[in-house]
Amino acid sequence: MSKFTAFKRITNAETPVPLKNLARTPAQVGANVLLVDWRRGAAAPVYSVAASNTPAVGAELSVVLQRLMRNSISLIPHDVHIIGFSLGAHVAGFCGRHFLMHTKKRIGRITALDPAGPLFEGTNVSVSRGDADFVDVIHTNMGLLDNLKFGLAASVGDVDFFPNGGSVQPGCREIACSHQRAHDLMIESITNHRCIFVSRPVSGKSGRMAAGINLDSPPLHESGSTSRGAMGYDSITARGRGMQYIRTRSKPPFCIPLEDQRCLVERVRDAAHSNGFPKQGPAETS
Numbered sequence: 001m002s003k004f005t006a007f008k009r010i011t012n013a014e015t016p017v018p019l020k021n022l023a024r025t026p027a028q029v030g031a032n033v034l035l036v037d038w039r040r041g042a043a044a045p046v047y048s049v050a051a052s053n054t055p056a057v058g059a060e061l062s063v064v065l066q067r068l069m070r071n072s073i074s075l076i077p078h079d080v081h082i083i084g085f086s087l088g089a090h091v092a093g094f095c096g097r098h099f100l101m102h103t104k105k106r107i108g109r110i111t112a113l114d115p116a117g118p119l120f121e122g123t124n125v126s127v128s129r130g131d132a133d134f135v136d137v138i139h140t141n142m143g144l145l146d147n148l149k150f151g152l153a154a155s156v157g158d159v160d161f162f163p164n165g166g167s168v169q170p171g172c173r174e175i176a177c178s179h180q181r182a183h184d185l186m187i188e189s190i191t192n193h194r195c196i197f198v199s200r201p202v203s204g205k206s207g208r209m210a211a212g213i214n215l216d217s218p219p220l221h222e223s224g225s226t227s228r229g230a231m232g233y234d235s236i237t238a239r240g241r242g243m244q245y246i247r248t249r250s251k252p253p254f255c256i257p258l259e260d261q262r263c264l265v266e267r268v269r270d271a272a273h274s275n276g277f278p279k280q281g282p283a284e285t286s
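Residue numbers (the UniProt record's numbering): 1 to 286.
No lab work stands behind these hints: they were computed from the structure.
Errors might be hidden in some of the hints.
What the hints assert, rightly or not - Simulated pairs of lysine to any residue, SDA-like, Cα-Cα distance not exceeding 25 angstroms: (1) LYS251 with ASP133; (2) LYS105 with ILE73; (3) LYS251 with ASN192; (4) LYS104 with LEU148; (5) LYS251 with CYS172; (6) LYS251 with ARG194; (7) LYS251 with PHE134; (8) LYS104 with VAL64; (9) LYS104 with GLN66; (10) LYS104 with LEU119; (11) LYS105 with ALA59; (12) LYS105 with CYS172; (13) LYS104 with GLY143; (14) LYS104 with VAL125; (15) LYS105 with THR191; (16) LYS251 with SER167; (17) LYS105 with ARG241; (18) LYS105 with LEU34; (19) LYS251 with PHE277; (20) LYS105 with ASP79; (21) LYS105 with ARG194; (22) LYS105 with LEU148; (23) LYS251 with CYS177; (24) LYS104 with ASN71; (25) LYS104 with SER74; (26) LYS105 with PRO118; (27) LYS105 with ASN192; (28) LYS104 with MET69; (29) LYS105 with ALA31; (30) LYS105 with SER167; (31) LYS251 with LEU148; (32) LYS105 with ARG228; (33) LYS251 with GLY276; (34) LYS104 with ILE73; (35) LYS104 with SER167.
Claimed, not checked - The following label-pair restraints were derived from C-beta to C-beta distances: (36) LEU148 with LYS104: 18 to 28 angstroms; (37) ILE76 with ARG173: 42 to 52 angstroms; (38) VAL125 with CYS195: 18 to 28 angstroms; (39) ASN124 with ARG67: 24 to 34 angstroms; (40) HIS102 with LEU145: 32 to 42 angstroms.
Here a beta-carbon is modelled for each residue, glycine too, at the ideal position from N, C-alpha and C.
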């Protein structure tokens, strides 16, 4: 299995922590990893220029993949997993589309870590389901750029995770902290063998994020276990699909064990009951 990691920007200051960590972690699951260094394209002083460079970078990555597969009988499309952060998530999407167009085959998986929202929200060029056999998305900073939110709000993957509501992450006070939390969660999903990021579905909604949906206040009722997800590396093997909600801690380890999550849910139920609401939560509506 091979992993390709495409980050939004690669500067001397940013390179040591996220890139080295992501380069190191796939070895724990028996994978080879290649880092996509597109610092010249991503470091454009104007965001719109960097965003417009993503199709070319994605196409070049696709060409590299095709060359590798021509020279190696052991590398097949199904085994390729591209992990992209911010603009890098859209690089991954363009790569998947270019690869499909030229080989008639899809790569195995794309993990989009808080895909960049500006210039991609509401378009048909953002990373999306169909760009790979399986597309999982972690939203940690969705919202408007005017509000210093950098991530895509739309539900675009086979499964979309919205930790802590998907907009502001606990413990984050600095600009871009919530945005960068996405790759921290992905790394921990590989390195933390004691806890799985178990999620539950957001009921009654699907597709693009609807105006007025409040993910910061999840449903008070528990959903069936068959539709639970596992945010991060193991999401492909879990049954949960669509929009998934999960709580995390404010600092590492971010993962909250399932039993602790149940205690938090029960606390919300008790608070609702003490304020005159039915403790079992409202019935589902179609």
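Hints and how they fare:
1. Taking the CA atoms of LYS251 and ASP133, the gap is near 32 angstroms; set against the 25 angstroms cutoff, the hint is violated.
2. Restraint check: the Cα-Cα separation between LYS105 and ILE73 comes to about 16 angstroms, which is no more than 25 angstroms; the hinted pair holds.
3. Using a Cα cut-off of 25 angstroms, the hinted pair LYS251 and ASN192 holds, with the two alpha carbons roughly 14 angstroms apart.
4. Between LYS104 and LEU148, the direct Cα distance comes to roughly 39 angstroms. Violation of the 25 angstroms bound is thereby established for this hinted pair.
5. Proximity of LYS251 to CYS172 is assessed by CA-CA distance (about 9 angstroms); at most 25 angstroms being required, the pair is judged to hold.
6. For the hint pairing LYS251 with ARG194, the CA-to-CA distance comes to about 16 angstroms; that is within 25 angstroms, so the pair holds.
7. A threshold of 25 angstroms between alpha carbons decides the hint, and for LYS251 with PHE134 the separation of about 29 angstroms lies outside it, so the pair is violated.
8. For the suggested pair LYS104 and VAL64, the alpha carbons sit about 16 angstroms apart, so the restraint of at most 25 angstroms is met.
9. Distance check on the hinted pair: LYS104 and GLN66 sit about 12 angstroms apart at the alpha-carbon level, within 25 angstroms; holds.
10. The suggested pairing of LYS104 with LEU119 is violated, with an alpha-carbon distance near 28 angstroms, which exceeds 25 angstroms.
11. The straight-line distance between the Cα atoms of LYS105 and ALA59 is roughly 15 angstroms, inside the 25 angstroms bound, and the hint therefore holds.
12. Distance restraint check for LYS105 and CYS172: the Cα-Cα separation of roughly 40 angstroms exceeds the 25 angstroms cut-off, and the hinted pair is therefore not satisfied.
13. Note on LYS104 and GLY143: the hinted pairing is violated, with a Cα-Cα distance of about 35 angstroms set against a maximum of 25 angstroms.
14. At most 25 angstroms may separate the alpha-carbon atoms for a hinted pair to count; LYS104 and VAL125 meet this at roughly 19 angstroms.
15. The straight-line distance between the Cα atoms of LYS105 and THR191 is roughly 31 angstroms, outside the 25 angstroms bound, and the hint therefore fails.
16. Taking the CA atoms of LYS251 and SER167, the gap is near 16 angstroms; set against the 25 angstroms cutoff, the hint holds.
17. Proposed proximity of LYS105 and ARG241 is supported: the alpha carbons are some 23 angstroms apart, at most 25 angstroms.
18. Straight-line distance between C-alpha atoms of LYS105 and LEU34 comes to about 21 angstroms, which keeps the hinted pair within the 25 angstroms bound.
19. With a C-alpha separation of about 32 angstroms, the suggested pair LYS251 and PHE277 falls outside the 25 angstroms cut-off, and the hint is violated.
20. With a C-alpha separation of about 12 angstroms, the suggested pairing of LYS105 with ASP79 holds against the 25 angstroms cut-off.
21. Proposed proximity of LYS105 and ARG194 is contradicted: the alpha carbons are some 36 angstroms apart, above 25 angstroms.
22. Between LYS105 and LEU148 the CA atoms are separated by roughly 38 angstroms; this puts the pair beyond 25 angstroms, and the hint is violated.
23. The straight-line distance between the Cα atoms of LYS251 and CYS177 is roughly 12 angstroms, inside the 25 angstroms bound, and the hint therefore holds.
24. Between LYS104 and ASN71 the alpha-carbon distance is near 18 angstroms, which keeps this suggested pair within the 25 angstroms criterion.
25. The straight-line distance between the Cα atoms of LYS104 and SER74 is roughly 19 angstroms, inside the 25 angstroms bound, and the hint therefore holds.
26. Restraint check: the Cα-Cα separation between LYS105 and PRO118 comes to about 30 angstroms, which exceeds 25 angstroms; the hinted pair is violated.
27. At most 25 angstroms may separate the alpha-carbon atoms for a hinted pair to count; LYS105 and ASN192 exceed this at roughly 33 angstroms.
28. A threshold of 25 angstroms between alpha carbons decides the hint, and for LYS104 with MET69 the separation of about 14 angstroms falls inside it, so the pair holds.
29. Restraint check: the Cα-Cα separation between LYS105 and ALA31 comes to about 21 angstroms, which is no more than 25 angstroms; the hinted pair holds.
30. For a cut-off of 25 angstroms, the pair hint linking LYS105 to SER167 is broken: about 34 angstroms separates their Cα positions.
31. For a cut-off of 25 angstroms, the pair hint linking LYS251 to LEU148 stands: about 21 angstroms separates their Cα positions.
32. Annotation: proposed proximity of LYS105 to ARG228 is violated, straight-line Cα distance about 29 angstroms (limit 25 angstroms).
33. A distance of roughly 34 angstroms separates the Cα atoms of LYS251 and GLY276; the hinted pair therefore is violated under the 25 angstroms criterion.
34. With a C-alpha separation of about 18 angstroms, the suggested pairing of LYS104 with ILE73 holds against the 25 angstroms cut-off.
35. With a CA separation close to 36 angstroms, the supplied pair LYS104 and SER167 exceeds the 25 angstroms bound.
36. Checked against the given bound of 18 to 28 angstroms, the beta carbons of LEU148 and LYS104, roughly 42 angstroms apart, lie outside it.
37. Separation of ILE76 from ARG173 is about 45 angstroms and conforms to the stated range, judged on CB atoms against 42 to 52 angstroms.
38. At roughly 36 angstroms, the beta-carbon separation of VAL125 and CYS195 lies outside the given 18 to 28 angstroms, and the hint is violated.
39. Take ASN124 and ARG67: their Cβ atoms lie about 28 angstroms apart, and the range 24 to 34 angstroms holds.
40. Checking the proposed 32 to 42 angstroms range against HIS102 and LEU145 shows it holds: the Cβ atoms sit about 34 angstroms from each other.
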